[in-house]
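Novice: Read off the chains here:
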Amino acid sequence: MSYAVVKGAGYVLVHTPDMIFHNGTTQTTERYSNPESEYLKKLPEHFRSYEEVVSYPPNQTYIGTIKPEDLRKYDMPWYDKKVEGADRYGKLGEIMPQEEFLGLMKIVDVFDLVKLEKDFTKEVKTKLGNHPLMTEELVAKLKEGDEIAAIEKAIKEQHAEALYHHNKLVGCVKRAHEIDPNLNAHIIHENLIAKASGVLSFLHLIDKNKLDVKDVDYVIECSEEACGDMNQRGGGNFAKAIAEMVGAVNATGSDTRGFCAAPVHALIQASALVQSGTFENVVVVAGGAVAKLGMNGKDHVKKDMPVLEDVLGGFAVLISKNDGVSPVLRTDLVGRHKVGTGSSPQAVITALITEPLDKGGLKITDINKYSVEMQNPDVTKPAGAGDVPEANYKMIAALGVKRNELERTEVAAFAEKHGMPGWAPTQGHIPSGVPYLGHALEAFKTGEIQRAMIVGKGSLFLARMTNQFDGISIVLENNSGQGAKEASVSEEEVRTMIAEAMRNFASHLSK
Amino acid sequence: MSLFDGKKVIIIGDRDGIPGPAIEECLKTTGAEVVFSATECFV
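Top to bottom, those sequences are chains A and B. Read in order, the letters of the first sequence correspond to residues 1 to 511 in my numbering. Read in order, the letters of the second sequence correspond to residues 1 to 43 in my numbering.
This is chain A alone, in the form it adopts within the complex (with noise of 0.2 Å):
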């Protein structure tokens, strides 16, 4: 059977400052065991506006306007440069502003849930008129908007969730249930977030890749959130929900859950999906967590520097039939941390580098890019979590010098070589492996690399129903049709086989 490939890609980021504040559990943690804090105080001091934002260059990366290799050119910190001229739209996506996204959550919202005032409903529906990927049909399920009076009530008496926009209010999402507290204002805001953004990275999915969304066959949605209700707590399925709203007609789908390592585990079932023959077109597709707005924003803000998780992430990846052309996903090539690997560092990384490079008799250094846990620097080092990608590239050196793939003096040039710098927002299973994925399209296109592995990893034991963490790697390559020959077999091997056959018949007649 034929290897499935890797067709294209769609991400985008959304500003959402206000959700800092009022969703992030940073800040609601912070709101509830210390009220009068200085922090609150001072966050909203440090939130950036929209154009820093778009400016900023790792989300310029993240959409696809630079190369992962070329925010070297900028020293860190990020925060204080800008990309001249920058765009919200890029090759690969957008950078979505708050007022859109909120009238966005109401347009994929089929309960009638989120209530956006009169005004602010007429402000968004001029702006995302002018959107290129909203449809009219779309725009018109922001309908006309509800008096300012009704949403406070339903605030103030129903529990609904405020929703902001430059610290005023202007609408909120009603609870879905009176006693349910799966389906509290809470949770569906948060979900209603995820399922928003989700759509808008496939929405870029469709429109980069000139994709016929009727030809999708099955979507995997891979977020870090639940949806359900009481009787059946994380029941789903965001991706049946999020494919209707683009409208993929022909396809149904499910939801994989691996905190941040979920999307590389989708990304291998769509791969076995395809490489079966059971589907043809499968996108894995994610939407953003609200939860980690503001993550660090106590590091950032005692550091007087911006707040700079203040962006919803989401990608989409279409997964196909062999074309002859888009890189391979090789999925005898996958690695994983398996219950009983251990958790040494030297234990996880044999099981998610070398032994799927063993598997295909390569060296560490045969993979010209290696995709980890890539997290932006600038979020996580004044945080004191260090440089994440830098880490995982140095114990795979550490590991190439073991096995005389590397020499020691090596392993400082490794992570320039064979890595890149950390450039997407600590969203859990957004920086998780796949935002490369966009990028190395582009650079197997041009020949720059041959191999990539898309590394995902995940804190299982933050739901504390094991203490084991997650991880999982799957090799992606140049396509130049290999596994095609192990698909057929040749006239040659059937006249051997019948020979075969027939000499062992032959040979039972004269027993």
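Just so you know, these hints were derived from the structure itself, not from any lab. Treat the hints with caution; some may be incorrect.
Stated by the list, open to error - Here are the computed lysine-lysine pairs in the BS3-like style, where the Cα-Cα straight-line distance is at most 30 Å: (1) A:Lys417 with A:Lys402; (2) B:Lys28 with A:Lys394; (3) A:Lys214 with A:Lys321; (4) A:Lys338 with B:Lys28; (5) A:Lys402 with B:Lys28; (6) A:Lys240 with A:Lys214.
Stated by the list, open to error - Chain B side only, calculated, beta carbon under 10 Å to chain A, not exhaustive: (7) Asp16; (8) Gly17; (9) Gly20; (10) Ser37; (11) Cys41; (12) Phe42.
Using N, Cα and C, we set each Cβ at its ideal position, and we do this for glycine too.
Mind docking chain B on chain A? Use the hints.
Specialist: Okay, now just chain B, sitting in the frame of chain A:
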């Protein structure tokens, strides 16, 4: 007598660095008593 003999140890491991169980394993050969061990995700 090692540095850890008779000591009670609290371990906070890092998923992308050295996770809790790996640190715990290293302390097994010492006289330390691990009273709490967890791995955290800092990203």
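Novice: Now tell me if each hint is right for this structure.
Specialist: Each hint, compared with the structure:
no. : hint                   : verdict
1   : A:Lys417 with A:Lys402 : holds, 19 Å
2   : B:Lys28 with A:Lys394  : holds, 27 Å
3   : A:Lys214 with A:Lys321 : holds, 15 Å
4   : A:Lys338 with B:Lys28  : holds, 23 Å
5   : A:Lys402 with B:Lys28  : holds, 26 Å
6   : A:Lys240 with A:Lys214 : holds, 14 Å
7   : Asp16                  : holds, 5 Å
8   : Gly17                  : holds, 7 Å
9   : Gly20                  : holds, 8 Å
10  : Ser37                  : holds, 9 Å
11  : Cys41                  : holds, 4 Å
12  : Phe42                  : holds, 4 Å
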